[in-house]
Amino acid sequence: MEAKYRGRNVILEIVMVLIALVFLAPFYFLFVNSVKSFGEILSDAASWPSQFNWDNYSKAWELARFSEAFRNSIVITVISVVLITLFSAMAAYRMVRSDSKFNRVLLMLFVMSMVVPFQTIMIPVLQVVNGLDINNSIWGLLLTNLGLSLPMAIFLFHGFVKSVPLEIEEAATVDGCNPVRVFFSIVLPLLRPMMMTIIVLNTLAIWNDYLLPSLILQKPSLRTIPLATYSFFGQYTKQWDMALPALAIGILPIVAFYLLLQRYIVEGIAAGSVKG
Amino acid sequence: MRHRKLSQYGQQIFFVGPAILFFTVVMIIPFIMGMYYSFTDWNGVSGEVAWVGFDNFTKIFTNDPDFWNSFWFTVRFTVLGVILINVVGFFLAYFLTKPLKSRNVLRTIFFMPNVIGGLLLGFIWQFIFVKGFATLGDLTGWSFFQLPWLGTETTGFWAIVMVFVWQYSGYLMVIYIASLTNVSKEVLEAAEIDGATHFQKLRSIIVPLVMPAVTVGLFLAISWSFKMFDLNLSLTQGGPFKSTESVAMNIYNEAFLNNRYGLGTAKALLFFVIVAIISLIQVKVTKSKEVEA
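Residue numbers (this note's numbering), protein chains in the order written: chain A, 39 to 314; chain B, 28 to 320.
In case anyone wonders, no lab produced these hints; they're calculated from the structure. The hints are all genuine.
In the DSS-like style, the derived pairs of lysine-lysine whose C-alpha atoms are separated by at most 30 Å in a straight line are: (1) A:K139 / B:K314; (2) A:K139 / B:K311; (3) A:K276 / B:K254; (4) B:K314 / A:K200; (5) A:K257 / A:K276; (6) B:K228 / B:K316; (7) A:K276 / B:K158; (8) B:K158 / A:K97; (9) B:K212 / B:K316; (10) A:K200 / B:K316; (11) B:K314 / B:K228; (12) B:K212 / B:K125; (13) B:K269 / A:K276; (14) B:K311 / A:K200; (15) A:K97 / A:K257; (16) B:K254 / A:K257; (17) B:K125 / B:K228.
So that you can see chain B by itself, here it is in the shape it has in the complex:
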């Protein structure tokens, strides 16, 4: 055993050094490079990089309908997806904190889609939409199953929403279960004695007390749906007619299919600003709604 004391400086290097090194190489440097590239016409291949000022941003704002279509898709998808997975997740949690015999098995099942990556899930659902639903349509005669799910713009949108809800509700269920089990039994019993109905208890006691979990749930849901890529890629490839192309996918295509790296990084930077603003607003708003028991 060595008794020599490690200097403060040495300790800082030893403990924090590795983290700083990886963080700098993978996050800080690329972030700064990205800011530079977004003002250039770099194509990713040639060594020639010319400074073009705000040209890329002007182009995005005035002459890039595909980007704004993908943005509009992402916004519509995010609003719907965030609401649905939080509502479904909350109610799964609410009912699975009741004394049901099968609740542990049910929790396991509802969470399961979440451990599988979006890419593989998208492929599985592609089969279900194309073949599985067709068979169910023949068996039941329900028109719901006979729709061309991945073939039109409207149904394609709803197909992605459906898979997204299936995939992520279970995760939020886990968060809401953790929060619901912390809601004090005494408060609920007191309300019951005062003659509160189930709905009144839910609305006036439970929902306000789980607001911290709602903050987390919304934050996670927004970041999942805003950054979605894998699921679109494997389920619809952004189609039909780019109608389900997300912003993340548009950036990817701009850089790696069109070889316009400069324009791609400009979009990526803009994307960051939008995500940051939305996340900040959301956390501020829901934090203000949290109450103490």
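Bound-form chain A, shown alone:
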């Protein structure tokens, strides 16, 4: 019985490893071909490169203006995620602690807005951004990122704040802490597990977003990584020895981010979906 069970697991293990290799195959194709010469890609796209042309990468880096794109992506993602996390935690805290009719209606509005597809507000939101004269600027994208992401973050925090015990806050208030201090020095640290979820989900979504930035940031110097890759790919279609290294550069930071923080990312996603 024991032996049979173990034997079955070995077979299962082999099958799963094979499936995993199929899952990884696209990455193999991407990386081996990104260092091949154009001729070699055309003649054989599956083999190991006969020589490594690393200057494919430096050329793609220059031509696609990746230094700017990296800077833009990092600035936009970091500022958006920090503000989303902060404002959503603040709002959710107050909405749980002060259970007024207004706040209940507000929560309902936030939840309902989560069903609205981006396309539904896509066209008028550009009008708003134009009206505020912040199109073609990072401010325009920060504003829209916040408006679009806050409802979901507030919803997740709202469920979590309920589980934070009131006693500690009451004790602090008796000791003369004002509500702002209570929130920042006592409540906020307790929200850390859900904070990780919100940081992870929003970092991935904002870093990878294409549609919204493409509508707001038209100036080439403001392009994020997906925008730079898209325009580069358009210019160098079928010129794979340029396009593939550009794609590899484009995915590298987010894959590295994932591999470094995968425990938090996976836990964060599991926690976020149970609430949702």
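We have chain A; now place chain B onto it with these hints.
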């Protein structure tokens, strides 16, 4: 340290104010504007906006085959995509909760495609379908690899389904793993003692107990596949012959390529109504199937 107490009103403004401000400017106002524009002939450029009543909606329902083609594509894609990523995600999770030596590495691998955006994935797969498969076809002689994947309507559809499954199964795997590890060991052991087979345990105990995760999994899968845009854009550009154009893409093209913003917003509003109805029905139906352990 200041001891002056902040008024209730002041607290409300301080804590909830920023969220309300951004939400109003980015969601509420555009939503109301969208409702207005959908009854106009606005072209997005000129200042002239004329009220046309229900003309846009009449046009969509009577004289817009492209929209209904994209709608039909989206529905077919959603049905297939939602089933496949949930089934694949569930079975990956089911097997990776067994005591396998490599399971942590395997989980990491299966989730990985998900962290990369749809746009870049589409480009990577474009290369694989065009060049990679051709090479594999030459090497193996399998006709599967020799198909013109992005060249015909049928294979183009399946190409997108394939990439979608590759991209999203890992995410649902994570959700199902979280749910499967909560299934009580005692119940399973009791069933084993009673002589239940693997399949019986799966069908009668595990699946009913992970129904809450199925609710979430279906909800996420529906919203991903219904709103799909990036992957179509980079993999097929909606082609060949608009056969893989999603609703999201049709709305985009109507507004930004044809400059018919009024018609575009009307479609977008209709799209919202459809998504809302489907999501509500799905949550209601699967919620009713959830059981307590």
